[in-house]
Amino acid sequence: MSTSQKTIETLANQEYKYGFVTDIEADSAPRGLNEDIVRLISAKKNEPGFMLEWRLKAYRHWVKMEKSEGEPKWANVKYPPIDYQDIIYYSAPKQKTDGPKSLDEVDPKLLETFEKLGISLSEQKRLSGIAVDAVFDSVSVATTFKEKLSELGIIFCAFSEAVENHPELVQKYLGSVVPYTDNFFATLNSAVFTDGSFCYIPKGVRCPMELSTYFRINQADTGQFERTLIIADEGSYVSYLEGCTAPMRDTNQLHAAVVELIALDNAQIKYSTIQNWYPGDKEGKGGIYNFVTKRGKCVGKNSKISWTQVETGAAITWKYPSCILQGENSIGEFYSVALTNNYQQADTGTKMIHLGKNTRSTIISKGISAGHGQNTYRGLVKILKGATGARNYSQCDSLLLGDKCGAHTFPYLEVNNSTSQVEHEASTSKIGEDQLFYCKQRGISAEDAVNMIVNGFCKTVLRELPMEFAVEAQKLLGLSLEGSVG
Amino acid sequence: MLEIRNLHASVGGKEILRGIDLTVNAGEVHAVMGPNGSGKSTLAHVLAGRESYEVTAGEVTYEGKDLLKMPPEDRAREGIFLAFQYPVEIPGVSTTYFLKAGVNAIRKHRGLEELDAIDFLAMVKEKMKLVEMEQALINRPLNEGFSGGEKKRNEIFQMGVLDPKLAILDETDSGLDIDALKIVANGVNAFRSPARAMLVITHYQRLLNYIIPDYVHVIFDGRIVKSGGKALALELEEKGYDWLKPEADLAQQTVA
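First to last, the protein sequences are chains B and Y. Converting from the first sequence to the numbering used here requires adding 8 to each position, the first position being numbered 1. Converting from the second sequence to the numbering used here requires adding 23 to each position, the first position being numbered 1.
These aren't lab readings, by the way, just hints derived from the structure by calculation. A quick note: this is a predicted structure, and the numbers were derived from the prediction, not measured. Please note: incorrect hints may appear among the correct ones.
Quick list of in silico lysine-lysine cross-link-like pairs, DSSO-like style, CA-CA up to 27 Å [to be verified]:
#1 B:Lys483 - B:Lys412
#2 B:Lys359 - B:Lys86
#3 B:Lys438 - Y:Lys249
#4 B:Lys483 - Y:Lys123
#5 Y:Lys188 - Y:Lys131
#6 Y:Lys152 - Y:Lys123
#7 B:Lys365 - B:Lys309
#8 Y:Lys188 - B:Lys467
#9 Y:Lys123 - B:Lys438
#10 B:Lys467 - Y:Lys123
#11 Y:Lys148 - B:Lys467
#12 B:Lys309 - B:Lys211
#13 B:Lys365 - B:Lys180
#14 Y:Lys123 - Y:Lys148
#15 B:Lys393 - B:Lys438
#16 Y:Lys148 - B:Lys483
#17 B:Lys156 - B:Lys180
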């Protein structure tokens, strides 16, 4: 082992600092999945009839899927079969009353957890002007800034609250972008989702602050199935941030979320994610399975949906934030940095479906593989017959650190309209010993050199992130890469 | 400033340096010449601390310290600079950003305050004049798409910015036309001072017309077989390296 490798590995071994567990009483359903559990979840949430009906349809569909083909197996990821009966589908921290009316009513231990994660639901965050909704295990804990936002007519609340207070909106849009039949995990989610975020921006309103949700899985053996729905009415704008962490555990936990975005005429939604789920230990034991369905529909003319993601965690990441470009002149964007280290696996990318005229899409994907990580980009650019004048630009770059990792690219282009323009560029590079030596010879340490090079590599994606997130992302990339130089 | 005693080094198991002895004092410019494969670049890389080069015997003292014990970053921070013969590219990282990281690492090591962007850029503007560097070039990713001449100028520019005590120039003239050579030489000459020392490694005498050395050493088969003043370089230009072979064999016998 060369000296530079040793030097890096003996560096303060930054443990996944979010690996702690909060010792708090939880209200959990019995293990396993059956119709009763679905009813239980719906009952716990006091849901109206239409919601329970939807869940049951989804559950029955899932049972059929499970019996016939089972889970989809086409992804470039390997994992042992999941026992769906060995998961707890509902767990909520026990609260003193039925729901917090203000931060003062939230269990202080919960607030402490969020403080530890740097997510302050209190005055500090108030000062930085970001509205935060926090989801702890299956329950949305508190949402700051609700009053301020409601003055503008903006609804930003827990999904369960939206079902209660704005059922018409939920009923209208739920499943309109990701129907419950969409795929195995989305179907499962539709049956057992417990909470998530709901956001509605009324006509012509530009949301004045970034909306943010923080997801944390705490209880062992639970799955986390959030459902997020964001609707931007005509001429509105919203920027939404999503962050995720989970404790270190030996076993794998399933995270199968669904996010639906709807942008009407002239509306814009910007959705940024920094995913730092527990990635498993250095030998690949434990870690979150992040199997997520995220899709945005540009329903309206001149609408725009941008996805920006920095995926550094999870044992397995399997997600394709996509855009359906239905409205004329609509724009879809996907900016991604996916990092796999140790034994992490990622199969991620996007789908840009061009339906309307003069639609445009941009895909910039940066994959970084280190250790024994396996990183796969899978992208689909589909241009349907009626999509005259469609334009797409895709760029997929892979960076390999060391010689035990892998980078794979599967671009799919389905073009059915001859007036469209599709461009695709790809590159693969490595951080070589000679580059590292060049940096060292200028006085730069190996770790700083790797960080510098990786950040340079990811620049075009990182600059799409809202500023606070960009700084966090850079730090996270550095942390996630420790011990990886070879 | 630099004292090398009986340095032996191997690459890939093959011994290249077979007992180098050399003393360099502050203010001096030493030229090191020799045929291909003689060990010139190896010497440069060993002094810079490249891991793939294994030192099998000998000592190197730099400013009273044991250089061979120091990792390459520390050698750089102590004031050693290597102008590479084949500078690599680092995509996504501009020269400016790269140098700022280096400058601040060195300053931190010396207990100085790090420079912020504004101060750094002001300092850089001065140094750009030395090698007629264009702003556009240093904003581009390091060496990406640079011509040979631009890369070599970039090396000398970096030297100016990092302000080392000992500069080792590894065949800085290779691949340069006369005009580029003159610019690079000007930069190097502007850098000469009583506090600094330079080791100029070159294959051809031509560079030494512009960078006039105080001493010339000839490396042959991993040993310094002859040392002299600048006239020695001209002798080599005329006669080539073959006439030194008997001298080299003699040196080998003496050691053995």
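Here's how the hints hold up against the structure:
1. B:Lys483 - B:Lys412: Holds, at roughly 24 Å.
2. B:Lys359 - B:Lys86: 22 Å, holds
3. B:Lys438 - Y:Lys249: 42 Å, violated
4. B:Lys483 - Y:Lys123: 19 Å, holds
5. Y:Lys188 - Y:Lys131: Given that 27 Å is the threshold and the Cα spacing comes to 17 Å, the pair holds.
6. Y:Lys152 - Y:Lys123: 18 Å, holds
7. B:Lys365 - B:Lys309: Roughly 10 Å between the alpha carbons, so the hint for Lys365 (chain B) and Lys309 (chain B) holds.
8. Y:Lys188 - B:Lys467: Distance of about 34 Å is beyond 27 Å: violated.
9. Y:Lys123 - B:Lys438: 23 Å, holds
10. B:Lys467 - Y:Lys123: Given that 27 Å is the threshold and the Cα spacing comes to 17 Å, the pair holds.
11. Y:Lys148 - B:Lys467: At roughly 25 Å apart (the allowed maximum being 27 Å), Lys467 (chain B) and Lys148 (chain Y) satisfy the hint.
12. B:Lys309 - B:Lys211: 14 Å, holds
13. B:Lys365 - B:Lys180: 25 Å, holds
14. Y:Lys123 - Y:Lys148: 13 Å, holds
15. B:Lys393 - B:Lys438: The hint is violated at about 40 Å.
16. Y:Lys148 - B:Lys483: Violated. Lys148 (chain Y) to Lys483 (chain B) sits at ~30 Å, over the 27 Å cutoff.
17. B:Lys156 - B:Lys180: The given pair, whose Cα atoms are some 25 Å apart, holds under the 27 Å limit.
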